[in-house]
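K.L.:
With the hints as extra help, turn the sequences into a complete structure.
Protein chains in written order, with the numbering used here: chain V, 93 to 238; chain C, 17 to 637.
I should point out that these hints are in silico values taken from the structure, not numbers from a laboratory. If you're wondering where the values come from, they're calculated on a predicted model, not measured in any experiment. No residue lacks a Cβ here, since even glycine has one placed at the ideal position from N, Cα and C. Among these hints, one or two may not hold up.
Computed list of lysine-lysine pairs in BS3-like fashion (alpha-carbon distance at most 30 Å, straight line) [what the hints assert, rightly or not]:
hint, chain 1, residue 1, chain 2, residue 2
1, C, Lys-571, V, Lys-153
2, C, Lys-536, V, Lys-209
3, C, Lys-541, V, Lys-158
4, V, Lys-153, V, Lys-122
5, V, Lys-180, C, Lys-636
Just the calculated beta-carbon pair ranges, DEER-fashion [stated by the list, open to error]:
hint, chain 1, residue 1, chain 2, residue 2, range
6, V, Ile-108, C, Lys-578, 37 to 43 Å
7, C, Leu-205, V, Lys-143, 52 to 58 Å
8, C, Leu-439, V, Gly-111, 26 to 32 Å
9, C, Leu-373, V, Ile-139, 28 to 34 Å
10, V, Ser-155, C, Ile-542, 42 to 48 Å
11, C, Val-73, V, Leu-118, 51 to 57 Å
12, C, Thr-529, V, Ile-108, 25 to 31 Å
13, V, Leu-118, C, Glu-531, 29 to 35 Å
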Amino acid sequence: MSLRFQRLILILLTLIMLGAALLLILFNTKQNIVFFYTPSELLENNIAPDKKLRIGGYVKKSSFVKKSLNNYEFKITDNTNDIVIFYKGMLPDLFREEQGIVVEGLIDKNNNIVASKVYAKHDENYMPASIKKELEKNNQWKKNYK
Amino acid sequence: MISLIGFSALCLSSIFSCIVLIPKSILQIKIKYFLFFIRSSTFLVCLSFLSLIFAYVTSDFSNFNVFQNSHSEKPLIYKITGAWGNHEGSILLWVCMISIYGFIYSLLSKSLDSFKILVLKIQSSLFIIFCFFIIFTSNPFLVNSVIVEEGLGLNPILQDPALAIHPPMLYLGYVGFSLVFSLAIASLLKTESDQMWVLETQKWSIISWGFLTAGIALGSYWAYYELGWGGWWFWDPVENISLMPWIAGLALVHSLLMIKGEQAIQRWIVFLSILCFSLSILGTFLVRSGILTSVHSFAADASRGLFILLIFFVTTGFGFLVFLIKSPTKKNDLNLLLINKTSALIINNILMMIAVLTILIGTIYPIIIEVLTNTRISVGGPYFNSTVLPILLPGFLLMSVAPVLSWQTNKIKKFRVYVICFLILSLIITIQSYLTTFNPWGLIGLLLGSWIIVGSLISVILRYKFSFTSKYIKSINSFTAHIGVGVMIIGVTYSSVYQKEFNFNMQIGDEITIENQLLKFDEIKIVDQENYQSLRAVFSLINNNGIISYIDPGKNYYPVSKMITTEAGIYHAWLKDIYITLGSETDNQWFIKVYINPLVSFIWIGVFIMIFASIVAVIKK
Chain V
93 MSLRFQRLIL
103 ILLTLIMLGA
113 ALLLILFNTK
123 QNIVFFYTPS
133 ELLENNIAPD
143 KKLRIGGYVK
153 KSSFVKKSLN
163 NYEFKITDNT
173 NDIVIFYKGM
183 LPDLFREEQG
193 IVVEGLIDKN
203 NNIVASKVYA
213 KHDENYMPAS
223 IKKELEKNNQ
233 WKKNYK
Chain C
17 MISLIGFSAL
27 CLSSIFSCIV
37 LIPKSILQIK
47 IKYFLFFIRS
57 STFLVCLSFL
67 SLIFAYVTSD
77 FSNFNVFQNS
87 HSEKPLIYKI
97 TGAWGNHEGS
107 ILLWVCMISI
117 YGFIYSLLSK
127 SLDSFKILVL
137 KIQSSLFIIF
147 CFFIIFTSNP
157 FLVNSVIVEE
167 GLGLNPILQD
177 PALAIHPPML
187 YLGYVGFSLV
197 FSLAIASLLK
207 TESDQMWVLE
217 TQKWSIISWG
227 FLTAGIALGS
237 YWAYYELGWG
247 GWWFWDPVEN
257 ISLMPWIAGL
267 ALVHSLLMIK
277 GEQAIQRWIV
287 FLSILCFSLS
297 ILGTFLVRSG
307 ILTSVHSFAA
317 DASRGLFILL
327 IFFVTTGFGF
337 LVFLIKSPTK
347 KNDLNLLLIN
357 KTSALIINNI
367 LMMIAVLTIL
377 IGTIYPIIIE
387 VLTNTRISVG
397 GPYFNSTVLP
407 ILLPGFLLMS
417 VAPVLSWQTN
427 KIKKFRVYVI
437 CFLILSLIIT
447 IQSYLTTFNP
457 WGLIGLLLGS
467 WIIVGSLISV
477 ILRYKFSFTS
487 KYIKSINSFT
497 AHIGVGVMII
507 GVTYSSVYQK
517 EFNFNMQIGD
527 EITIENQLLK
537 FDEIKIVDQE
547 NYQSLRAVFS
557 LINNNGIISY
567 IDPGKNYYPV
577 SKMITTEAGI
587 YHAWLKDIYI
597 TLGSETDNQW
607 FIKVYINPLV
617 SFIWIGVFIM
627 IFASIVAVIK
637 K
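P.N.:
Right, dumping it as structure tokens:
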């Protein structure tokens with residue numbers, strides 16, 4: 093087999109595989125993407141019900157209600173708007189009021205979310221408020237910690 | 017005081033490395049002194065890291081970093097590991113490793129002196145760049161402006177033995193590619209036609225790849241029992257970016273094999289070497305900058321992100337620029353012939369590169385979309401499962417036959433045996449899966465996994481005479497590694513496709529039946545440990561012959577940080593794991609989640625085999 097022919101086959105093979113991969117990627121980016129909103133964006137965008145999405149924000153203070161074992165209701169806030177979340181299942185350990193979380197679920201007609209997953213952020217830093225203030229005063233605390 | 021020593025040692029170490037870089041025309045340094053500077057630089061940076069560890073061990077809270085990440089009432093091991101359980105310390109560890117790799121290279125290398133100097137110079141430049149990064153943006157030796165008696169403690173989720181050694185392992189892998197990078201660049205810049213660098217690249221890339229494998233596996237094992245989600249891989253951005261250099265490294269290790277044949281595809285090897293390290297830095301940038309919205313992304317700081325991005329562009333840009341200008345000109349004809357080893361390896365490389373590309377696109381796609389359209393999206397597991405897996409499938413298929421192919425000719429010896437065995441195996445597995453629960457992915461995974469194992473075993477039996485010697489183990493090493501992959505594929509397939517999930521509300525004394533086994537809720541135990549208080553629900557697993565084992569899922573409460581972590585209770589058996597997580601409690605009713613994870617142990621066994629094979633491969637060199 094001539095060298096040129098071999099190379100041609102190799103290039104063709106690569107192109108075919110790349111093409112297949114690209115098709116897969118394009119097809120899947122249409123299918124398997126979940127949009128992410130903050131509560132305000134969610135209200136602005138008027139999303140059709142029963143769409144799967146993610147929403148991120150802080151758990152609103154004293155909004156957390158435990159309806160029964162593993163059946164919860166709480167609000168996610170970005171300090172301007174709130175969204176009500178219904179969730180049946182196990183909450184992550186880091187879940188607390190005023191903690192940043194991400195919720196994945198389906199939106200209903202009233203812009204409430206029936207959550208299927210609740211994620212709390214892991215972070216290597218956490219700090220008692222009093223010490224944090226002290227540090228902020230001294231400009232040593234630069235991190236975006238809310 | 018100790019912080020001062022640490023910081024001065026770090027600065028001095030980078031100055032020593034700078035001296036090494038002075039061009040010959042200005043200052044002629046004898047090789048003896050050159051090596052002296054390199055090695056003392058390593059000693060100094062190690063001293064710097066040790067003094068950080070010392071500060072942690074003695075709970076010296078005048079150091080800001082120690083104050084933020086440690087607490088005096090922690091077991092010694094977590095005081096030590098706290099040193100790299102945070103951004104600053106982990107980057108210091110990273111720098112330390114760059115230097116140590118250079119040090120070991122200077123001891124072991126058998127290359128010509130001129131080449132050795134070149135490699136060490138490049139390694140030192142990388143070292144200096146990262147030293148600057150530490151000194152200017154993430155100094156672990158900052159003095160605490162507040163006088164405190166007590167530290168804030170290490171994140172409880174990081175207080176875990178697997179996670180204690182996970183970062184060093186992972187970093188040994190990532191940073192190992194820095195030496196591979198240096199070797200590649202030096203091979204482009206060198207003037208002699210010495211081919212020693214290929215052998216050295218072979219050795220160091222396998223070492224790095226082995227460490228990276230171990231690091232990723234440890235992280236994954238940690239996620240399995242600590243997160244309590246029942247799985248071990250979540251396609252999280254943080255996981256994806258460790259997978260990219262891993263696959264690129266795998267491609268590198270494989271393409272280096274082609275040197276064994278007649279063709280030297282140096283260009284490609286150099287390209288991959290640069291790529292591996294670039295992907296490692298890119299990974300660090302994406303994790304550290306917080307640009308990726310990952311569930312477990314760590315504290316983010318824009319200025320650090322920018323600096324790492326800069327480092328990424330400088331090293332990658334420099335690397336690829338040198339590659340373009342000075343790429344090897346020697347043209348060797350590739351002997352493809354379509355079904356020989358070379359072609360198989362090339363196709364394998366192409367597939368791996370496409371896989372890397374797919375993961376990269378999936379991982380940074382959200383960033384691109386956010387920049388372009390200002391909408392935020394997340395690309396989750398389903399995307400990766402339905403793109404990366406189909407791309408890798410032909411590669412796995414190829415893997416089972418590749419070691420059998422010959423370098424030179426088109427013929428496969430005993431071709432018929434393989435075909436017959438393959439057909440019999442497919443038949444058995446198809447029947448087996450029809451009789452049990454049929455699942456197309458399960459069928460494909462099981463078939464591929466077992467075919468890789470059987471195919472490799474046949475080749476070993478046919479080609480090598482069995483003996484209990486190290487020579488035998490060395491000669492069947494590539495097959496051993498592939499058997500490991502086969503075992504892992506079976507584990508991965510079964511644990512993801514056939515996982516079962518049950519939810520229960522239980523009271524103490526309740527019994528439930530899961531898959532012919534009785535699970536009895538015995539008691540709730542609360543025990544005070546050194547750094548936490550543990551709450552454990554004790555279950556006994558009972559079959560016809562009595563109690564098999566106790567499983568104790570629970571929660572740990574860490575008073576220092578006022579955090580609770582879930583501890584999954586796992587009963588490990590060869591064929592299945594019974595995995596229990598404990599939920600919350602109302603009126604003495606506890607919510608319990610039980611997962612039956614079949615063949616998870618195969619994943620860890622597979623990883624062990626792969627690491628074993630890489631150790632053998634390194635010894636062989």
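K.L.:
So, for every hint listed, does it hold in this structure?
P.N.:
Here is what the structure says about each hint:
| no. | hint | verdict |
| --- | --- | --- |
| 1 | Lys-571(C) - Lys-153(V) | 24 Å, holds |
| 2 | Lys-536(C) - Lys-209(V) | 29 Å, holds |
| 3 | Lys-541(C) - Lys-158(V) | 25 Å, holds |
| 4 | Lys-153(V) - Lys-122(V) | 36 Å, violated |
| 5 | Lys-180(V) - Lys-636(C) | 55 Å, violated |
| 6 | Ile-108(V) - Lys-578(C): 37 to 43 Å | 57 Å, violated |
| 7 | Leu-205(C) - Lys-143(V): 52 to 58 Å | 55 Å, holds |
| 8 | Leu-439(C) - Gly-111(V): 26 to 32 Å | 31 Å, holds |
| 9 | Leu-373(C) - Ile-139(V): 28 to 34 Å | 32 Å, holds |
| 10 | Ser-155(V) - Ile-542(C): 42 to 48 Å | 30 Å, violated |
| 11 | Val-73(C) - Leu-118(V): 51 to 57 Å | 54 Å, holds |
| 12 | Thr-529(C) - Ile-108(V): 25 to 31 Å | 52 Å, violated |
| 13 | Leu-118(V) - Glu-531(C): 29 to 35 Å | 41 Å, violated |
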